[in-house]
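Starting from the structure of chain A, add chain B where the hints point.
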Amino acid sequence: MTAPTGVLSTKNAAPATGGQLATFRLDGDLYGIEVQHVQEVLRSQQLTRVPLAPTAVAGLINLRGQVVTAIELRERLGRPPRPEGTDPVVIVVRLHGEAVSMLVDSIADVVDVDASDFEAPPDTLEGQARELIRGAYKLDGTLLLALDVQRAVSA
Amino acid sequence: MDGLDDIVEEFLVESHENLDQLDTDLVALEQEPNSRERLSSIFRTIHTIKGTSGFLAFNRLEEVTHVGENMLSRLRDGELALTPTRTSVLLQMVDTVRSLLSSIEASGGEGSVDVSAVVAAISAAMEEAPAAAPAAAAVVEELHDDLPEEPLMPAPAVAGIAVPEPAVADQPEAEASAADAAGGQARRAVADSTIRVDVDLLDELMLLVGELVLTRNQIVQNVARQTDTDLIRASQRLNLIASELQEGVMKTRMQPIDHIWSKLPRVVRDLGLQLKKSIRLDMEGRDTELDKTLLEAVKDPLTHLVRNSVDHGIEAPDTRTKAGKPAEGVLTLRARHESGQVVVEVADDGAGIDPVKLGAKAVQRGLISQEALSRMSPADVLQLIFLPGFSTAAAVTNVSGRGVGMDVVKTNIESIGGTIEVESDAGVGTVCRLRIPLTLAIVPALTVECASDRYAIPQISLQELVSLDAEKAANAVEEVGGAPVYRLRGELLPLVRLTDVLGLTSERHDGHVVIAVLRSEGRRFGLVVDRVINTEEIVVKAVGGQLKAIGLYSGATVLGDGTVALILDVQALARRALRTETTDRQEARAGALQAVAAETDRQRLLLAAIGGGRRVAIPLDTVTRLEQVRTDAVERVGNREVVQYRGAILPMVRLDRHLGAYGESDREVLEVIVYADHGRSVAIVVEEILDIVDGEAAVRSDIDDIGLLGSAVLGDKVTELLDVRAAILAADPAFYSHSSSAPSGASDSLLEV
Numbered sequence: 001m002t003a004p005t006g007v008l009s010t011k012n013a014a015p016a017t018g019g020q021l022a023t024f025r026l027d028g029d030l031y032g033i034e035v036q037h038v039q040e041v042l043r044s045q046q047l048t049r050v051p052l053a054p055t056a057v058a059g060l061i062n063l064r065g066q067v068v069t070a071i072e073l074r075e076r077l078g079r080p081p082r083p084e085g086t087d088p089v090v091i092v093v094r095l096h097g098e099a100v101s102m103l104v105d106s107i108a109d110v111v112d113v114d115a116s117d118f119e120a121p122p123d124t125l126e127g128q129a130r131e132l133i134r135g136a137y138k139l140d141g142t143l144l145l146a147l148d149v150q151r152a153v154s155a
Numbered sequence: 001m002d003g004l005d006d007i008v009e010e011f012l013v014e015s016h017e018n019l020d021q022l023d024t025d026l027v028a029l030e031q032e033p034n035s036r037e038r039l040s041s042i043f044r045t046i047h048t049i050k051g052t053s054g055f056l057a058f059n060r061l062e063e064v065t066h067v068g069e070n071m072l073s074r075l076r077d078g079e080l081a082l083t084p085t086r087t088s089v090l091l092q093m094v095d096t097v098r099s100l101l102s103s104i105e106a107s108g109g110e111g112s113v114d115v116s117a118v119v120a121a122i123s124a125a126m127e128e129a130p131a132a133a134p135a136a137a138a139v140v141e142e143l144h145d146d147l148p149e150e151p152l153m154p155a156p157a158v159a160g161i162a163v164p165e166p167a168v169a170d171q172p173e174a175e176a177s178a179a180d181a182a183g184g185q186a187r188r189a190v191a192d193s194t195i196r197v198d199v200d201l202l203d204e205l206m207l208l209v210g211e212l213v214l215t216r217n218q219i220v221q222n223v224a225r226q227t228d229t230d231l232i233r234a235s236q237r238l239n240l241i242a243s244e245l246q247e248g249v250m251k252t253r254m255q256p257i258d259h260i261w262s263k264l265p266r267v268v269r270d271l272g273l274q275l276k277k278s279i280r281l282d283m284e285g286r287d288t289e290l291d292k293t294l295l296e297a298v299k300d301p302l303t304h305l306v307r308n309s310v311d312h313g314i315e316a317p318d319t320r321t322k323a324g325k326p327a328e329g330v331l332t333l334r335a336r337h338e339s340g341q342v343v344v345e346v347a348d349d350g351a352g353i354d355p356v357k358l359g360a361k362a363v364q365r366g367l368i369s370q371e372a373l374s375r376m377s378p379a380d381v382l383q384l385i386f387l388p389g390f391s392t393a394a395a396v397t398n399v400s401g402r403g404v405g406m407d408v409v410k411t412n413i414e415s416i417g418g419t420i421e422v423e424s425d426a427g428v429g430t431v432c433r434l435r436i437p438l439t440l441a442i443v444p445a446l447t448v449e450c451a452s453d454r455y456a457i458p459q460i461s462l463q464e465l466v467s468l469d470a471e472k473a474a475n476a477v478e479e480v481g482g483a484p485v486y487r488l489r490g491e492l493l494p495l496v497r498l499t500d501v502l503g504l505t506s507e508r509h510d511g512h513v514v515i516a517v518l519r520s521e522g523r524r525f526g527l528v529v530d531r532v533i534n535t536e537e538i539v540v541k542a543v544g545g546q547l548k549a550i551g552l553y554s555g556a557t558v559l560g561d562g563t564v565a566l567i568l569d570v571q572a573l574a575r576r577a578l579r580t581e582t583t584d585r586q587e588a589r590a591g592a593l594q595a596v597a598a599e600t601d602r603q604r605l606l607l608a609a610i611g612g613g614r615r616v617a618i619p620l621d622t623v624t625r626l627e628q629v630r631t632d633a634v635e636r637v638g639n640r641e642v643v644q645y646r647g648a649i650l651p652m653v654r655l656d657r658h659l660g661a662y663g664e665s666d667r668e669v670l671e672v673i674v675y676a677d678h679g680r681s682v683a684i685v686v687e688e689i690l691d692i693v694d695g696e697a698a699v700r701s702d703i704d705d706i707g708l709l710g711s712a713v714l715g716d717k718v719t720e721l722l723d724v725r726a727a728i729l730a731a732d733p734a735f736y737s738h739s740s741s742a743p744s745g746a747s748d749s750l751l752e753v
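Taken in order, these protein sequences are the chains called A and B.
Under the working numbering, read the first sequence as residues 1 to 155, first letter to last.
Under the working numbering, read the second sequence as residues 1 to 753, first letter to last.
Okay, chain A solo, but in the shape it has when bound (with noise of 0.2 Å):
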């Protein structure tokens, strides 16, 4: 791949460089957010339901006296929901000042990622996901989705 990045990922037209990403597990995919944005990640939390609200709207947790909406990310991309049982974690994303939560299933490492092994997603990826997800980062033995974290939280 000599002309790797972004490119042609006409339609989200963030280019993907490298750089380190925050990755968590959802549904058996390794998905990779930018480490920038991440402000912290919690344990399970107390959540307030919103009746009506978007079905991705999981509800409202106290973060320290601050009201944060937290997405269920699974809901987001269309996946079945979270087994009975399992708690989600929580990843508070800082994004135009505003605090965001997104519900994974688990946290893992921070990756540092080469923009020469990006790939913008298959013409196969349909639905929602494919309005959030950027591309694939072809890691040793497993790929690494690289989420839109703004599009993911806009509900």
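If you're looking for bench data, these hints aren't it; they were derived computationally from the structure.
Heads up, some of the hints might be wrong.
Stated by the list, open to error - Just a few of them, taken from the derived set where beta-carbon distance is under 10 Å, the chain A residues facing chain B:
{"#": "1", "residue": "ASN62"}
{"#": "2", "residue": "GLY65"}
{"#": "3", "residue": "GLY78"}
{"#": "4", "residue": "VAL153"}
Positions of the beta carbon are idealized from the N, C-alpha and C atoms, including for glycine.
Leaving out everything else, chain B in the frame of chain A:
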């Protein structure tokens, strides 16, 4: 370099304050052209700006203020008389100074603001007769030509000759201005004992205090379960101190409404000239304070309402004269604190809004149907002006009709948790009333539970709570055309189940009904919740964009135990839940009222305690109102007790004495049942108002005594049935004398309970 920046900043802050003062002074000066005090005040202000601008090398600013100062000094010394042209060029100068200052604020320099035109205009206005004013002032001058000279302007004086004119303004106005002037000086004196604080810092403090209040709630709640007295005492102190601190920090953010009002005299003056109307602006309650953020938020809506009144409300002078009104219209701004809110009124004595015309226009525009209109009361028709795309102006003038309507005003006011209402008498005038919360950040709220979640309801819209046990609820909650209603003291209260609105399932199955009676936009409704938790001060937190679109929550808060609760937006709730009622259900409602009327034989009774463990029942339909009267307000006429009430003298009868019971005599506040008929009223004093019950179910006996008609078992207790007629006659022997021999009250039918 930093030092210089500080000086410039200080200069800007100071100058802006001065400019507001200038606007007020100049307009006041027109009313009272010979006030040397005003002239001196204006002169001083300009002189200060000039001095500093010279020092800071803002040359154009110096140039324009210099020439203005020249003119002012000649006016002050009586060498020149103030004419409309001169006032106009002075105002122009103020505008130019303002734009220079904003340019300095934005870019640090004077930018591209051109001062030559206004300098020329001022120079010309100084030298020449008003009619020959240069182009810049000509537009205003033209308008003056066919305006009656009085009362906006003094008689034109020949330039250069000092003719001391008799004061045009009448005495009260002159006094008011003098008082204003004194107020102005007082304000400046106050400035010496105050310091400026950055608003961001205050915001941060407010945030911290909010957190403190939350933590306090948490601690107080936990400690309530403890037995350690030291801990309890400490938590009580914490409670107290946190409240005081919160109040103090909130006060630092309070500003008098005059901050935004001070710009309005200028707006009214300019618009009045442009529309050739003569308008006096009265202001009451300038010192009324509210939070700075809110002040900013109401600024534009208020200006819009004022412009509206000047443009559409107040008629042209000749129209007014024809209608028998004084040629000069009066626009009144009033502000006051009222039950934890700030009420701001914009009132004019103009033409008012004709509901018939308004309705016709709404139909013509397709905003509502003719059928819907015919079902509306005149008061409801008035509310149509808040519909988007509505303008009451016959023609779109360049003052209004810019696409900003009352709907935008309403939206803006509601976005800060306020309400707006309009009252209008055709031919007499219009009043727009804004109700604004004192502050946005911390509000007293009622927390309720619904489907095992907790929600907060701001107390501002809460009127009362009604709790019905299963048995009562089964009877008292009725249906009108499928919609549940509750009879609250004889009035039908539409019920809205919170679970239905939120699409949840209630977890209360015991048939118990808890109703929060809420008021929004003049409408009352009952919100049915699972249970009421308590009342507490909550700190309002914004919710993310994902939730704003739902429109039912005005924010969220963290409760004492750390959980998040949504704050219900009562207005949105009312709108969503009562939407169908406005049109479809009104007929059903009328039917229901008839049904109520047909049921008069089934009597409802008000239960009251009269002391000594005794209870009496009074037919509810004889009761006009329940009131509280302070004991020290009770006066004596001969051997009768009376109380002044709504401008009338109300004779009182104390039921305990009347019936020979022994009540507590040292109460500070008396519970009073007011009974009115044929324009006469009496007050019946009881110890406590207990309940309202259906008389039907009562087991009655004819055991009675003086002043009673019998007794009955109501709510498991023996209750005496009051002979209302006798009680009333004891208070006012002449009460029934004007009516026919058959008493009109229900006293006779009381036996039919």
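For each hint, the structure was consulted:
With 10 Å as the threshold, the beta carbon of A:ASN62 comes within range of chain B, its nearest partner Cβ sitting at about 5 Å, so the hint holds. Interface hint at A:GLY65: satisfied, since its Cβ lies 5 Å from the closest Cβ of chain B, which is below the 10 Å cut-off. Because the beta carbon of A:GLY78 sits about 18 Å from the nearest beta carbon in chain B, more than 10 Å, this interface hint is broken. Given hint, A:VAL153 at the interface with chain B, holds; its Cβ is 8 Å from that chain's nearest Cβ, closer than 10 Å.
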